[in-house]
Amino acid sequence: MIDSTTPPAPLLQGVGLSKRFPGVRALHRVDLTLGHAEVLAIVGENGAGKSTLMKILAGVQSPDEGELWLRGSTVEFTGIREAMDAGISLIHQELNLAENLSVAANLFLGREPRRFGLIDHRRLEQESRPFLEAVGLSVEPATRLEELTLGKQQLVEIAKALSTGAKVLIMDEPTSSLSQREAERLFEVVFDLKAQGVSVVYISHRLAEVETLADRVMVMRDGEHAGELVGEKITHDAMVSRMVGRDVTRFFQRTRSAELPDANATPILQVKDLVVPEHPKHRVSFEISSGEMVSLAGLVGAGRTELLRCLFGVSMPLAGTIRVAGESVRLKSPNDAIAAGMGLVPEDRKGQGLVIDFPVDENVSLSHLSEDAVAGCWVRSGVLKQHALSSIERLRIKTPSESQVVRYLSGGNQQKVVIAKWLLMNPKVLLLDEPTRGIDIGAKEEIYRLMESLAAQGMAILFVSSELEEVIGLSDRVLVMHEGEITGQLVGEHVTEQNIMAYATGAERE
Amino acid sequence: MNKILGIFGLLLFVCLFTAVMSDSFIGEFNLFNVARRSALFGILSIGVAFVIITGGIDLSIGSVVGLVACLLPMLVVDSGLSPPLAILLVLFVAGGIGLLHGLLITRLDLQPFVVTLCGLLFYRGFSRWLADDATLGFGQEFDGLRLLAIGKPFSWATLIGSAGAVLLCYGLWRAFRQGERASASDQLTARLNRWSPAGIGTLLLLVGSSRFWFGWESTPGVVLWQMAGYQARGLAAVVPESSTTVPGKLMLYLGAGMLAPLLILFLRWAWQQNATRVRWPMIGSLLSLVALGGCLWTLVPAFRESVASDRYRVGLVEMSGDSLRLLALSVCFVVVAATIGSLGWLVSAASKSSERSRALVPLLVTAAVFSLMGLSNLPATMVPTPMVLLIAVAVAASVFLNHTVYGRYLLALGRNEEAARYSGINTKRMTVLAYVLCALAAGLGGVLFSLESNAVQPSSFGNFYELYAIAAAVLGGCSLRGGEGNVLGVVIGAAVMRVLRNAINLLGISTKLEFSIIGLVILAGVIVDVVVRRIAERKRLEQRDTGADEAVPEATAP
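Just so you know, the sequences run in chain order E and F. Residue numbers for the first sequence follow this note's numbering, beginning at 1 and rising by one. Residue numbers for the second sequence follow this note's numbering, beginning at 1001 and rising by one.
Excised from the complex, chain E in its bound form (with noise of 0.2 Å):
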């Protein structure tokens, strides 16, 4: 398939790959081609195979079928060590970086020029420097890696990899724990590398980095290949089409109640003058009324997560009142939040939602376990199955049965188990914090509708989201949050991305 007539072969490329994992075709036939000094995108619903494709070309898995050719031979790659050799780096989702080392140290992990046997810290240091150069870094090589921001680590991570002389770059889900600003700092970088010379194979849920970035879209669905987008036609709406294999409305859009909540009622959630532990300098005050679905935006590290942990008990608060259904309340613990109607949906699932290695009904009937034993101690299993069975049927949480270890339920249904925890507590008040984080399209939207209808039922509801789109789409008031602080509280017309950005980067405050 290559010969001399044709232009310079490609520098990375997939023939026919196929990848079988037990009861799962990761993988089927697929191709893919990558040029020089290009940035190549793929996106997919989770499961589609993104993660699988991007691990045989690191090397990390061989496939079952098909051949990667780089540079216009075929080659065969039997580990990581061998394909960076090759000039292929992986960066990881979750940074794969000694955070008790230094910066010149971590780059050169493994590789340590050495003196006498030992290390030779003064070369080490030398030598780490046009590395960081090339990534746009302005530490000293000798800082400890701790001391810097995510977004710096992430850098020093593609330092790294270029240290090693990569030529072909593979990014998981670079931004996802990224601010706004450190993002876009990425992209310049990005931007940089392709000028060098690197090619770029990027990975990402978010469609609105990949419309910047991309040269080229690769779209996989069910581990096939399912279309590829050129320049102009990168388009939001044609990536989403072809990910789900059909026209999607641009985005859920929450059918809002016609009348406003009752202005005289009390609201179900008064917070006033809360000073978060995290932002000592500022005060929080906000009102949530009963059916209301208010968000809180905001870039990474505005405090969101803070506020709600604040209010349900997580961490204490330093000052300020906080009052569910007009009564004061002290939450010393998420004990005393549950007691007062609130449930949190937290922000890592796996960590605090759910006790991953736990059948779903268990899960379930956690925080409700001592409310249905008799005497509040004797736990009666047959009330937790039916319990377990009705969530599950009332979420549709998709699970062979009830007795399941949530470990192997996907994303999606692993949070409608976290949900069906709170619902059968019957909260007043409803956290949640990156309620579809790691989750795929479709079943994002029954969450959205699952949040929904639970505030037309009377739930008043307080989500996080990084997601701009989720925000505008789904909420009837949004707080904006900048630095620990509300900057900014929009209604209506007024919920745009524009206004959410201004408030948010501190550029306009109320």
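Simulated from the structure, these hints should not be mistaken for lab results. Just so you know, not all the hints are guaranteed correct.
[Claimed, not checked] Heads up, incomplete: computed chain F residues facing chain E, CB under 8 Å, no partners named:
hint, residue
1, THR1276
2, HIS1403
3, ALA1412
4, ARG1415
5, GLU1418
6, ALA1420
7, TYR1422
8, ASN1426
Virtual Cβ for every residue (Gly too), placed ideally from N, Cα, C.
Go by the hints and put chain F onto chain E.
Chain F in isolation, oriented as in the chain E frame:
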């Protein structure tokens, strides 16, 4: 469940091996002592299991045992406190220690290892100072109190009978409540599943009560009276040890009589369903049984009769008695291990290939255990009082862990403390509770150990007990990562530890090697556990893979 069966298999192996190599193992005196020591350590192990389930560790158990064991004689003998009051007081002290540990760990966020390590050192030093390093005891005046640790309230036959009665009631209740299991494929399997608990209960009841029906004071009219008198004498610990051999004989005949037909049915059903699957396990079992027979015929007598200093001719080789004994010991060890292993393999393979065979497993195991126990003197042996206490503690602990809200909370917080906290569980209070329970168990153990030995040396009493307890808990299926563990496994784990120690003594292995051997066995147990789990996981994946073609659409759906 598999883990419990595994550790039970290990116990069976150690017992069988020791019994084959030494006559004294199944003697009444030895069985009684092993049972008593197992029970005492079982209580400690259950306590530490709670802490391990929360993901913590308690290293202070041995020192708490030592402290309590010193305090009790001091209070009872020196201060003249009434024994019940003194016991309550020392338990209170132990509970306080646990509370202190728990509070330090949860409120100050100290590491359990560090806190309890300091406890280990502090209580040891404190007890030595308190007792001034003098040996403490209860003398002769408190023999009534000491019965708590060395008493013999009733025989194993009575215990077996009572267990049978309980099982029978449960079995009948279950059979009538559930009716025929809808899931079973044919009627016979359904019936077996439905009636086997009640059947086994009946057998146990029959054996337990047999001394009233056959032989030994056989006038039915005075049975109740005799039972009462028997128990009364039991409390006073004056019952003659060789009371009756009837239950043992009956167990042997019943067990052996049932074993052969059951085994044939079991294998036949499995063979009909999936011959290839059971072929190798069957061959392996047969070979190992033949080898076992060979050992019993040649090596065991050689081991028992050889004298260390003499020289013997084995085939062409001449060797010293010492080497001969070592050779016999090692070969028998391997052969018994192979026998137990291959039989376990056979049972597992057969029960996996046929549902009917699986339904037969409980009866089969009962028959096998019956015949083995019938060969020993266990049914005629007395039950030590600590065993009764252990059973009470174990039942309470098991109910607590599996059927109460707090038990669920402990398991949940052991798996994922943060998620438990976010679900509104007061994780700190639950963690404190675990340490209190552990220290209370150690306190109870201390009381019993003190009463049992009657000579407490503050400098060494209870040394290393925490390690025995932790090892038993780990053997019994607790993960040091937390969130995993069951009481029955832990109790069996403690028994394994004691039987192992007993075996080392009985077989004339140098006691200097004791720790090494125990360490090796635990390591082997843990390794086998990991390996078996990996194999099972791989098999599960393979099975999913072979059935994957139809499952693809669902598997890839969100």
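So, against the hints stated earlier in the document, which numbers end up violated here? Violated: hint 1 alone.
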